[in-house]
Amino acid sequence: MTSRPELQAEVLQPTGTLPDEVEAPANASTFLRRFRRNKVGVIALGVLVFLILVAVFAPWISPHEPNQGELSRALEGPSGEYWFGTDDLGRDVLSRLIHASRVSLLAAALATGVALLIGLPLGLISGYFGGWIDNVIMRFNDALMSFPALILAVVIVGLLGPSLTNAMLAIGIVYAPRIMRVVRGSALSVREEVYVLSAKATGCGAPRIIGRHVLPNILSPLVVQTTIMLGLAILSEAGLSFLGLGVQPPTASWGSILGRAFPYMSRTPTTVIVAGVTISVAVLAFNLLGDAFRDSLGRERRDQ
Amino acid sequence: MTTTSESRVPKLRVEDLEVTFDVGRGRKLHAVDGVSFHVDEGETLGLVGESGSGKSTTGMAVLRLAEPTSGRVYLGDTEVTGLRSRQLRPLRKRMQIVFQDPYSSLDPSMTIGQQLDEPLKVHTSLSKAERRARVDEALDTVKLSRRYTSRYPNEFSGGQRQRIAIARAMILDPELVVCDEPVSALDVSTQSQIVNLLLGIQEQSRTSFLFIAHDLAVVRLVSARTAVMYLGQLVETGPSARVYDAPAHPYTAALNSAIPIPDPDRQRTRDRIVLGGDQPSPLTPPSGCRFRTRCPFAMEVCAEEAPPQYPIDGGGYAACHLHTHGPQLRGASVLPLIHGDHLTTPLVSR
Chain V
1 MTSRPELQAE VLQPTGTLPD EVEAPANAST FLRRFRRNKV GVIALGVLVF LILVAVFAPW
61 ISPHEPNQGE LSRALEGPSG EYWFGTDDLG RDVLSRLIHA SRVSLLAAAL ATGVALLIGL
121 PLGLISGYFG GWIDNVIMRF NDALMSFPAL ILAVVIVGLL GPSLTNAMLA IGIVYAPRIM
181 RVVRGSALSV REEVYVLSAK ATGCGAPRII GRHVLPNILS PLVVQTTIML GLAILSEAGL
241 SFLGLGVQPP TASWGSILGR AFPYMSRTPT TVIVAGVTIS VAVLAFNLLG DAFRDSLGRE
301 RRDQ
Chain A
1 MTTTSESRVP KLRVEDLEVT FDVGRGRKLH AVDGVSFHVD EGETLGLVGE SGSGKSTTGM
61 AVLRLAEPTS GRVYLGDTEV TGLRSRQLRP LRKRMQIVFQ DPYSSLDPSM TIGQQLDEPL
121 KVHTSLSKAE RRARVDEALD TVKLSRRYTS RYPNEFSGGQ RQRIAIARAM ILDPELVVCD
181 EPVSALDVST QSQIVNLLLG IQEQSRTSFL FIAHDLAVVR LVSARTAVMY LGQLVETGPS
241 ARVYDAPAHP YTAALNSAIP IPDPDRQRTR DRIVLGGDQP SPLTPPSGCR FRTRCPFAME
301 VCAEEAPPQY PIDGGGYAAC HLHTHGPQLR GASVLPLIHG DHLTTPLVSR
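So the protein sequences, as listed, match chains V and A. Quick note: the first sequence uses the UniProt record's numbering, first residue 1, plus one each step. Quick note: the second sequence uses the UniProt record's numbering, first residue 1, plus one each step.
Since the hints were made in silico from the structure, they are not lab data. Be a bit skeptical, because a hint or two may be false.
[Claimed, not checked] Residues of chain A clear of chain V, computed beta-carbon distances all greater than 10 Å:
no., residue
1, Glu67
2, Phe99
3, Met299
4, Gln328
[Unchecked claim] Going by beta-carbon spacing under 10 Å, a handful of chain A positions derived as facing chain V:
no., residue
5, Leu88
6, Leu91
7, Gln96
8, Tyr103
9, Leu106
10, Lys121
11, Val122
12, His123
13, Arg168
14, Thr324
15, His325
Quick caveat, the model's predicted, so the values are computed rather than measured. Here a beta-carbon is modelled for each residue, glycine too, at the ideal position from N, C-alpha and C.
Given only the sequences and the hints, what does the whole structure look like? Please build it.
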């Protein structure tokens with residue numbers, strides 16, 4: 001035996017009680033910390049909060065009555081009185097845009113709500129149960145997805161008659177498969193988790209497992225998808241309203257303002273530009289916010 | 001805990017259990033192939049074997065978390081196999097499981113309080129306050145602070161998480177708990193804490209445990225009886241002391257010799273049986289005795305017939321032809337054979 005330097009180590013005795021753990025950050029605060037560092041996300045959120053505030057306080061902040069105009073002053077360019085000019089009926093474009101933000105944002109929320117209402121339960125059922133149920137739902141899903149979204153929406157509005165509610169219902173139905181895909185995919189992976197098996201071993205029924213164990217654990221991708229979809233819905237609403245299939249006059253949405261100003265674009269381009277920029281900024285803000293959510297949720301709360 | 005079973009009705013009875021997985025192209029994988037055993041009330045049965053021996057699948061099949069292909073499982077007087085999933089759910093109150101990896105077995109989106117409350121919510125009609133009291137009690141049992149109820153799993157260490165998993169399994173005072181390698185994912189100092197905790201729970205409750213592990217040292221500590229699995233079959237069962245000190249199956253002897261001795265000098269000079277090769281694929285198990293391809297004592301008969309369970313001196317059974325053919329051990333330990341000099345093939349590496 002060669003002699004070795006004597007090892008000195010303190011033997012740790014296993015004890016019954018453990019020292020209290022250092023206070024670890026909770027999931028929500030980790031998310032906030034990461035999100036705050038994401039400048040683009042914070043700016044996007046700021047823009048959206050601004051748009052929502054504008055929508056909420058529309059009657060108080062708009063300088064003119066949105067649906068009343070002076071025909072003699074139609075199609076004017078920007079001036080001190082009409083910052084963004086007037087439309088073909090001499091109505092103040094700024095006031096109409098401000099009021100239209102209510103319609104556009106609400107419409108987007110409605111469409112996304114419809115998409116969630118259809119897509120979420122079907123996606124959960126499809127992903128959790130699998131088998132033939134999954135097959136039936138997903139084939140139906142594929143069929144719906146194979147249509148170009150806007151064309152399908154036009155067909156649905158054509159069947160139901162043009163109105164904002166119908167248009168949003170149509171867009172909700174058209175986008176439901178996207179939600180369904182995301183939910184199904186996430187549910188498929190979550191159902192293989194040991195904690196789902198553990199819930200089964202505890203004796204939880206399928207509704208409880210889906211509601212209490214699967215749904216909370218797919219929330220991150222769902223939140224991301226929902227945020228991005230809100231932007232997409234604004235765009236679709238604008239498209240349908242541009243074509244006259246959405247909101248009906250005299251009510252305005254960003255899309256219908258753009259559509260109405262389009263024929264006069266060479267005379268007063270201001271309206272088209274302002275409406276177009278508003279739509280773009282709103283859509284971009286939702287998309288960037290969605291990206292920021294995804295980055296901040298990051299490693300899916302499974303940090304160990 | 002070390003009391004041997006006398007004339008009690010077994011709490012868990014497993015008869016000729018088979019679990020087959022379809023692996024495509026008509027091929028079938030016999031993960032568990034004709035396993036029978038029982039666990040008495042308040043008893044702990046250790047189930048050991050190397051990875052792929054089917055021990056975890058056996059534990060899952062007992063709880064119907066894996067679907068048995070054939071065979072019967074009884075919990076007390078109730079047959080677990082053959083129940084529809086709706087009928088099975090009330091029975092889950094009586095049988096529970098602790099999984100190997102405490103990092104994946106707790107739902108990251110639920111607080112500890114909610115996870116412990118869930119079994120009570122599903123199976124009892126207790127009021128909120130009563131359930132709260134039971135949750136606190138359960139945390140006391142596993143020696144965790146009651147203040148932890150509002151925290152999430154990611155705030156805890158592996159050992160703490162496993163305590164929570166144990167608390168969740170024990171909260172309904174089940175008749176049977178399957179522990180599927182509950183300490184293998186933990187580091188050694190934490191392992192001893194969990195083992196001590198389980199020993200304490202064994203003493204205080206009437207719960208029966210099926211303790212699955214590949215660490216024989218741990219199994220020896222916690223279980224009164226041990227069953228050894230190889231390639232989906234039981235090769236030896238018996239009182240733990242007998243199985244470890246006088247193994248009657250060459251595979252058990254080989255497993256035993258892999259337990260490190262906490263004394264460097266003895267560890268260096270001990271006899272070790274080193275098995276050649278790998279466990280054969282369960283898709284194409286060897287004919288006759290499944291261990292014969294790696295067995296140093298393999299005889300002609302081993303390839304022809306599957307060995308029957310032979311009663312062993314000191315309790316239990318071993319499935320080995322050595323007891324009836326060749327050296328005719330007739331229920332004695334295989335150890336003298338291993339250390340003997342009459343072997344033609346070198347068996348023991350010194």
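Structure-based check of each hint:
Chain V leaves A:Glu67 outside its interface by the beta-carbon criterion, the shortest separation being 12 Å against a cut-off of 10 Å. A beta-carbon of chain V comes within 10 Å of the beta-carbon of A:Phe99; the shortest separation is about 5 Å. The claim that A:Met299 is not at the interface with chain V holds, since no C-beta of that chain comes within 10 Å of its own (minimum 42 Å). No beta-carbon of chain V is positioned within 10 Å of the beta-carbon of A:Gln328; the least distance is around 43 Å.
At its closest, the beta carbon of A:Leu88 sits 8 Å from a beta carbon of chain V; the interface hint therefore holds under the 10 Å criterion. Satisfaction of the interface hint for A:Leu91 is found here, the shortest Cβ-Cβ separation to chain V being roughly 8 Å, below the 10 Å cut-off. With a cut of 10 Å, the hint placing A:Gln96 at the interface with chain V holds, because the nearest CB-to-CB distance is about 7 Å. Interface restraint check for A:Tyr103: the shortest CB-CB distance to chain V comes to about 5 Å, inside 10 Å, so the restraint holds.
The criterion of a C-beta within 10 Å of any C-beta in chain V is met by A:Leu106, whose closest approach is roughly 6 Å, and the hint holds. Here the hint on A:Lys121 is kept, as its CB sits about 9 Å from the closest CB of chain V, short of 10 Å. At about 5 Å, the closest approach between the beta carbon of A:Val122 and any beta carbon in chain V falls short of 10 Å, and the interface hint on this residue holds. The closest approach between the C-beta of A:His123 and any C-beta of chain V is roughly 6 Å, which is under the 10 Å cut-off, so the hint is satisfied.
A distance limit of 10 Å between C-beta atoms decides the matter here; for A:Arg168 the minimum to chain V is near 7 Å, and the interface restraint holds. Given hint, A:Thr324 at the interface with chain V, is violated; its Cβ is 41 Å from that chain's nearest Cβ, farther than 10 Å. With its C-beta approaching chain V no nearer than about 43 Å, A:His325 sits outside the 10 Å limit, and its interface hint is violated.
Of the numbered hints stated above, those contradicted by the structure are hints 2, 14, 15, listed in ascending order.
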